Amino acid sequence: MKHVGCQHIRVWDDQANIGFPVFIMYPAADVHGPYEIGPFSVTAGLNAPAGQGPYPVVVISHGSGGHRLVYLTLAQALAEAGYVVLCPEHFGNNTDDNFLEGKTRNLELRPRHITLCLNALADNDILAGAVQTDKAAVLGHSMGGYTGLAVAGGRPWSITGRRVPVIADKRIKALILMAPATGWFTPDGSLAEVTVPILAYHAEHDSLTPFNNVERILDQVPDKGKVTVHHVENAGHLSFLSPFPEALVTPGFIPAQDPEGFDRVAFHQRLTGEVVAFLNGVFGG
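The sequence shown begins at 1 in full-length UniProt numbering and counts up one residue at a time.
Careful: at least some of the hints might be erroneous.
Quick list of simulated restraints, FRET-style, between CB atoms [stated by the list, open to error]:
# : residue 1 : residue 2 : range
1 : Glu-233   : Gly-38    : 26 to 32 angstroms
2 : Glu-36    : Glu-193   : 41 to 47 angstroms
3 : Gly-38    : Asp-13    : 20 to 26 angstroms
4 : Thr-186   : Glu-101   : 18 to 24 angstroms
Just so you know, the hints here were simulated from the structure itself, not pulled from any lab data.
As the structure is a computational prediction, the values presented were derived from the model and not from experiment.
Beta carbons are placed, not taken as given, at the ideal position from N, Cα and C, and that holds for glycine.
Taking the hints into account, I'd like the entire structure generated from these sequences.
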(Lines of atoms letter the chains of each structure in order from A and count residues from 1; the text may use other names and numbers.)
(Lines give C-alpha, C1' and ligand atoms only; values in the text may rest on other atoms or scores of the structure.)
Protein backbone atom coordinates (compact mmCIF):
# COMPACT_ATOMS: atom_id res chain seq x y z
CA MET A 1 0.00 0.00 0.00
CA LYS A 2 1.36 3.40 -0.95
CA HIS A 3 1.03 6.46 1.27
CA VAL A 4 -1.40 9.11 0.02
CA GLY A 5 -1.44 12.89 -0.18
CA CYS A 6 -4.23 15.23 -1.21
CA GLN A 7 -4.73 18.82 -2.28
CA HIS A 8 -7.41 21.28 -3.34
CA ILE A 9 -6.92 23.29 -6.53
CA ARG A 10 -9.05 25.48 -8.76
CA VAL A 11 -8.86 25.11 -12.53
CA TRP A 12 -9.62 28.06 -14.77
CA ASP A 13 -11.24 27.86 -18.21
CA ASP A 14 -10.04 30.94 -20.13
CA GLN A 15 -12.28 30.18 -23.09
CA ALA A 16 -15.47 30.10 -21.01
CA ASN A 17 -14.20 32.51 -18.33
CA ILE A 18 -15.18 30.14 -15.54
CA GLY A 19 -13.40 28.21 -12.80
CA PHE A 20 -14.15 24.99 -10.95
CA PRO A 21 -12.70 23.20 -7.90
CA VAL A 22 -10.76 19.94 -8.11
CA PHE A 23 -9.82 17.59 -5.28
CA ILE A 24 -6.65 15.58 -5.95
CA MET A 25 -5.36 12.40 -4.29
CA TYR A 26 -1.94 11.02 -5.13
CA PRO A 27 0.82 8.68 -3.91
CA ALA A 28 2.82 10.46 -1.22
CA ALA A 29 6.36 10.09 0.03
CA ASP A 30 5.39 9.51 3.69
CA VAL A 31 2.61 7.98 5.75
CA HIS A 32 -0.30 10.18 6.86
CA GLY A 33 -3.38 9.87 9.04
CA PRO A 34 -7.05 10.72 8.57
CA TYR A 35 -8.11 13.89 6.77
CA GLU A 36 -11.71 15.02 7.22
CA ILE A 37 -13.34 16.47 4.12
CA GLY A 38 -17.05 17.22 4.06
CA PRO A 39 -18.89 14.26 5.61
CA PHE A 40 -16.09 11.91 4.59
CA SER A 41 -12.71 10.90 5.94
CA VAL A 42 -9.76 9.82 3.82
CA THR A 43 -6.31 8.66 4.83
CA ALA A 44 -4.11 11.30 3.26
CA GLY A 45 -1.82 14.19 4.08
CA LEU A 46 -2.99 17.62 2.92
CA ASN A 47 -0.39 19.09 0.52
CA ALA A 48 2.01 16.29 1.39
CA PRO A 49 5.10 15.78 -0.81
CA ALA A 50 4.41 13.41 -3.68
CA GLY A 51 6.15 10.11 -4.24
CA GLN A 52 8.77 9.78 -6.95
CA GLY A 53 6.48 8.50 -9.69
CA PRO A 54 5.88 9.07 -12.45
CA TYR A 55 2.26 8.00 -11.99
CA PRO A 56 -0.61 7.62 -14.49
CA VAL A 57 -3.68 9.82 -14.00
CA VAL A 58 -7.35 9.08 -13.44
CA VAL A 59 -9.95 11.85 -13.72
CA ILE A 60 -13.26 11.05 -12.00
CA SER A 61 -16.29 12.73 -13.60
CA HIS A 62 -19.39 12.88 -11.40
CA GLY A 63 -23.00 12.55 -12.50
CA SER A 64 -25.42 15.34 -13.29
CA GLY A 65 -26.10 17.37 -10.16
CA GLY A 66 -23.33 15.48 -8.40
CA HIS A 67 -20.30 16.42 -6.34
CA ARG A 68 -16.54 16.01 -6.58
CA LEU A 69 -16.30 14.21 -3.23
CA VAL A 70 -18.79 11.35 -3.69
CA TYR A 71 -16.27 8.86 -5.17
CA LEU A 72 -13.60 9.09 -2.49
CA THR A 73 -13.56 5.33 -1.89
CA LEU A 74 -12.39 4.86 -5.47
CA ALA A 75 -10.04 7.85 -5.28
CA GLN A 76 -8.38 6.52 -2.13
CA ALA A 77 -7.90 3.04 -3.58
CA LEU A 78 -6.52 4.37 -6.85
CA ALA A 79 -4.06 6.70 -5.11
CA GLU A 80 -2.89 3.83 -2.92
CA ALA A 81 -2.41 1.75 -6.08
CA GLY A 82 -0.14 4.35 -7.67
CA TYR A 83 -2.43 6.74 -9.56
CA VAL A 84 -2.87 10.49 -9.38
CA VAL A 85 -6.62 11.02 -9.08
CA LEU A 86 -8.39 14.26 -9.99
CA CYS A 87 -11.99 14.85 -8.90
CA PRO A 88 -13.36 17.96 -10.64
CA GLU A 89 -16.71 19.53 -9.81
CA HIS A 90 -18.33 20.28 -13.15
CA PHE A 91 -19.34 23.92 -13.51
CA GLY A 92 -23.10 24.43 -13.71
CA ASN A 93 -23.92 20.74 -13.29
CA ASN A 94 -23.27 20.04 -9.63
CA THR A 95 -25.13 19.75 -6.33
CA ASP A 96 -24.81 23.42 -5.44
CA ASP A 97 -25.31 24.95 -8.89
CA ASN A 98 -27.09 22.88 -11.53
CA PHE A 99 -28.33 25.50 -13.98
CA LEU A 100 -26.69 23.79 -16.99
CA GLU A 101 -28.42 20.45 -16.49
CA GLY A 102 -29.94 19.32 -19.77
CA LYS A 103 -28.30 22.13 -21.73
CA THR A 104 -26.08 21.78 -24.80
CA ARG A 105 -23.58 24.07 -23.10
CA ASN A 106 -23.07 21.40 -20.45
CA LEU A 107 -22.29 18.84 -23.17
CA GLU A 108 -19.60 21.18 -24.48
CA LEU A 109 -18.02 22.11 -21.15
CA ARG A 110 -17.78 18.72 -19.46
CA PRO A 111 -15.25 17.10 -21.84
CA ARG A 112 -13.15 20.26 -21.83
CA HIS A 113 -13.02 20.11 -18.02
CA ILE A 114 -11.15 16.80 -18.34
CA THR A 115 -8.53 18.27 -20.68
CA LEU A 116 -8.12 21.35 -18.48
CA CYS A 117 -7.57 19.15 -15.42
CA LEU A 118 -4.78 17.30 -17.19
CA ASN A 119 -3.27 20.57 -18.42
CA ALA A 120 -3.30 22.00 -14.90
CA LEU A 121 -0.94 19.29 -13.67
CA ALA A 122 1.92 20.86 -15.65
CA ASP A 123 1.97 23.82 -13.25
CA ASN A 124 1.32 21.87 -10.06
CA ASP A 125 4.27 22.43 -7.71
CA ILE A 126 3.53 19.39 -5.53
CA LEU A 127 3.12 16.96 -8.43
CA ALA A 128 5.81 18.35 -10.74
CA GLY A 129 7.71 15.45 -12.27
CA ALA A 130 5.49 12.84 -10.60
CA VAL A 131 2.74 12.59 -13.21
CA GLN A 132 2.42 10.90 -16.59
CA THR A 133 -0.29 13.06 -18.16
CA ASP A 134 0.03 11.17 -21.45
CA LYS A 135 -1.22 8.07 -19.61
CA ALA A 136 -4.67 9.08 -18.41
CA ALA A 137 -8.04 7.45 -17.87
CA VAL A 138 -11.50 8.83 -17.18
CA LEU A 139 -13.78 7.20 -14.63
CA GLY A 140 -17.29 8.51 -15.21
CA HIS A 141 -20.60 7.85 -13.48
CA SER A 142 -23.88 8.55 -15.29
CA MET A 143 -23.34 11.93 -17.00
CA GLY A 144 -19.68 11.35 -16.26
CA GLY A 145 -19.91 8.40 -18.63
CA TYR A 146 -20.99 10.78 -21.37
CA THR A 147 -18.04 12.98 -20.46
CA GLY A 148 -15.55 10.15 -20.75
CA LEU A 149 -16.85 8.96 -24.10
CA ALA A 150 -16.87 12.50 -25.51
CA VAL A 151 -13.30 13.31 -24.50
CA ALA A 152 -12.11 9.89 -25.74
CA GLY A 153 -13.32 10.55 -29.29
CA GLY A 154 -17.09 10.28 -29.18
CA ARG A 155 -19.13 12.68 -31.32
CA PRO A 156 -22.17 13.82 -29.33
CA TRP A 157 -25.35 15.34 -30.71
CA SER A 158 -27.75 17.74 -29.00
CA ILE A 159 -31.44 16.98 -28.52
CA THR A 160 -32.13 19.25 -31.50
CA GLY A 161 -29.94 17.07 -33.73
CA ARG A 162 -26.88 19.31 -33.93
CA ARG A 163 -23.29 18.20 -33.49
CA VAL A 164 -21.87 19.27 -30.16
CA PRO A 165 -18.39 20.78 -30.58
CA VAL A 166 -16.02 18.73 -28.42
CA ILE A 167 -12.32 18.03 -28.85
CA ALA A 168 -10.93 14.56 -28.18
CA ASP A 169 -7.92 14.30 -25.90
CA LYS A 170 -5.43 11.71 -27.12
CA ARG A 171 -3.98 11.40 -23.63
CA ILE A 172 -7.05 9.38 -22.58
CA LYS A 173 -6.05 5.74 -22.84
CA ALA A 174 -8.90 4.02 -20.96
CA LEU A 175 -12.45 4.52 -19.69
CA ILE A 176 -14.32 3.18 -16.67
CA LEU A 177 -18.02 3.88 -17.16
CA MET A 178 -20.46 3.32 -14.30
CA ALA A 179 -24.14 3.44 -15.31
CA PRO A 180 -23.15 5.66 -18.26
CA ALA A 181 -25.56 8.10 -19.92
CA THR A 182 -25.01 7.62 -23.66
CA GLY A 183 -28.15 9.04 -25.27
CA TRP A 184 -26.20 11.86 -26.97
CA PHE A 185 -24.38 9.31 -29.14
CA THR A 186 -27.49 8.21 -30.99
CA PRO A 187 -26.57 8.40 -34.71
CA ASP A 188 -24.70 5.33 -35.92
CA GLY A 189 -20.99 5.98 -35.95
CA SER A 190 -20.99 8.48 -33.09
CA LEU A 191 -18.54 6.28 -31.16
CA ALA A 192 -16.54 5.09 -34.16
CA GLU A 193 -13.43 6.90 -32.96
CA VAL A 194 -13.53 5.57 -29.40
CA THR A 195 -10.80 2.94 -29.54
CA VAL A 196 -9.57 2.76 -25.93
CA PRO A 197 -10.27 -0.16 -23.57
CA ILE A 198 -13.52 0.29 -21.63
CA LEU A 199 -14.72 -1.20 -18.35
CA ALA A 200 -18.49 -0.62 -18.14
CA TYR A 201 -20.90 -1.25 -15.28
CA HIS A 202 -24.68 -1.60 -15.37
CA ALA A 203 -26.88 -1.70 -12.27
CA GLU A 204 -29.73 -4.20 -12.29
CA HIS A 205 -32.30 -1.77 -10.86
CA ASP A 206 -31.25 1.34 -12.79
CA SER A 207 -34.22 3.16 -14.30
CA LEU A 208 -32.22 6.31 -15.12
CA THR A 209 -29.62 4.71 -17.38
CA PRO A 210 -30.96 1.27 -18.33
CA PHE A 211 -28.87 -1.33 -20.13
CA ASN A 212 -29.53 0.09 -23.59
CA ASN A 213 -27.02 2.81 -22.65
CA VAL A 214 -24.29 0.17 -22.45
CA GLU A 215 -25.63 -1.60 -25.53
CA ARG A 216 -25.17 1.65 -27.46
CA ILE A 217 -21.46 1.49 -26.63
CA LEU A 218 -21.19 -2.16 -27.70
CA ASP A 219 -23.03 -1.44 -30.95
CA GLN A 220 -20.94 1.56 -31.96
CA VAL A 221 -17.33 1.21 -30.87
CA PRO A 222 -15.13 -0.25 -33.59
CA ASP A 223 -13.85 -3.11 -31.40
CA LYS A 224 -16.35 -4.42 -28.87
CA GLY A 225 -13.68 -6.87 -27.75
CA LYS A 226 -12.12 -3.94 -25.90
CA VAL A 227 -15.28 -3.49 -23.81
CA THR A 228 -15.73 -5.44 -20.57
CA VAL A 229 -19.24 -5.24 -19.08
CA HIS A 230 -20.19 -6.05 -15.50
CA HIS A 231 -23.86 -6.37 -14.50
CA VAL A 232 -24.20 -5.51 -10.82
CA GLU A 233 -27.01 -7.54 -9.28
CA ASN A 234 -29.55 -5.70 -7.11
CA ALA A 235 -27.71 -2.38 -7.51
CA GLY A 236 -29.35 0.96 -8.23
CA HIS A 237 -28.16 3.98 -10.18
CA LEU A 238 -26.67 5.62 -7.08
CA SER A 239 -24.97 2.49 -5.73
CA PHE A 240 -21.75 3.63 -7.43
CA LEU A 241 -21.43 6.56 -5.01
CA SER A 242 -19.09 5.93 -2.10
CA PRO A 243 -20.67 4.54 1.06
CA PHE A 244 -21.80 7.47 3.20
CA PRO A 245 -21.21 7.84 6.94
CA GLU A 246 -23.82 5.97 8.94
CA ALA A 247 -25.40 9.21 10.19
CA LEU A 248 -26.37 10.09 6.61
CA VAL A 249 -27.83 6.71 5.70
CA THR A 250 -31.43 7.77 6.30
CA PRO A 251 -34.57 7.47 4.14
CA GLY A 252 -34.51 11.22 3.53
CA PHE A 253 -31.01 11.22 2.02
CA ILE A 254 -31.48 9.75 -1.43
CA PRO A 255 -27.80 9.44 -2.49
CA ALA A 256 -27.24 6.92 0.31
CA GLN A 257 -30.19 4.72 -0.66
CA ASP A 258 -29.84 1.35 -2.40
CA PRO A 259 -32.31 -1.39 -3.34
CA GLU A 260 -33.27 -3.51 -0.36
CA GLY A 261 -30.58 -6.00 0.54
CA PHE A 262 -27.79 -4.35 -1.45
CA ASP A 263 -24.52 -4.01 0.47
CA ARG A 264 -22.79 -0.87 -0.85
CA VAL A 265 -19.74 -1.30 1.36
CA ALA A 266 -19.08 -4.84 0.13
CA PHE A 267 -19.72 -3.81 -3.47
CA HIS A 268 -17.19 -0.99 -3.30
CA GLN A 269 -14.56 -3.33 -1.94
CA ARG A 270 -15.06 -5.41 -5.07
CA LEU A 271 -15.42 -2.41 -7.37
CA THR A 272 -12.16 -0.79 -6.32
CA GLY A 273 -10.29 -4.05 -6.87
CA GLU A 274 -11.76 -4.49 -10.34
CA VAL A 275 -11.03 -0.91 -11.37
CA VAL A 276 -7.43 -1.05 -10.14
CA ALA A 277 -6.86 -4.39 -11.89
CA PHE A 278 -8.31 -3.04 -15.14
CA LEU A 279 -6.13 0.08 -15.09
CA ASN A 280 -3.04 -1.90 -14.14
CA GLY A 281 -3.72 -4.04 -17.18
CA VAL A 282 -3.87 -0.95 -19.39
CA PHE A 283 -0.92 0.92 -17.90
CA GLY A 284 1.22 -2.03 -16.84
CA GLY A 285 0.97 -1.31 -13.13
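Do the Cβ positions of Thr-186 and Glu-101 conform to the proposed distance bound of 18 to 24 angstroms? holds (19 angstroms)
Is the gap between the beta carbons of Glu-36 and Glu-193 within 41 to 47 angstroms? At 42 angstroms between Cβs, range holds.
Distance restraint evaluation - Gly-38, Asp-13, Cβ atoms, bounds 20 to 26 angstroms: holds (24 angstroms)
Whether the CB-CB distance between Glu-233 and Gly-38 falls inside 26 to 32 angstroms: Once the Cβ atoms are compared, 30 angstroms apart, the range 26 to 32 angstroms for Gly-38 and Glu-233 holds.
In this structure, every one of the numbered hints holds.
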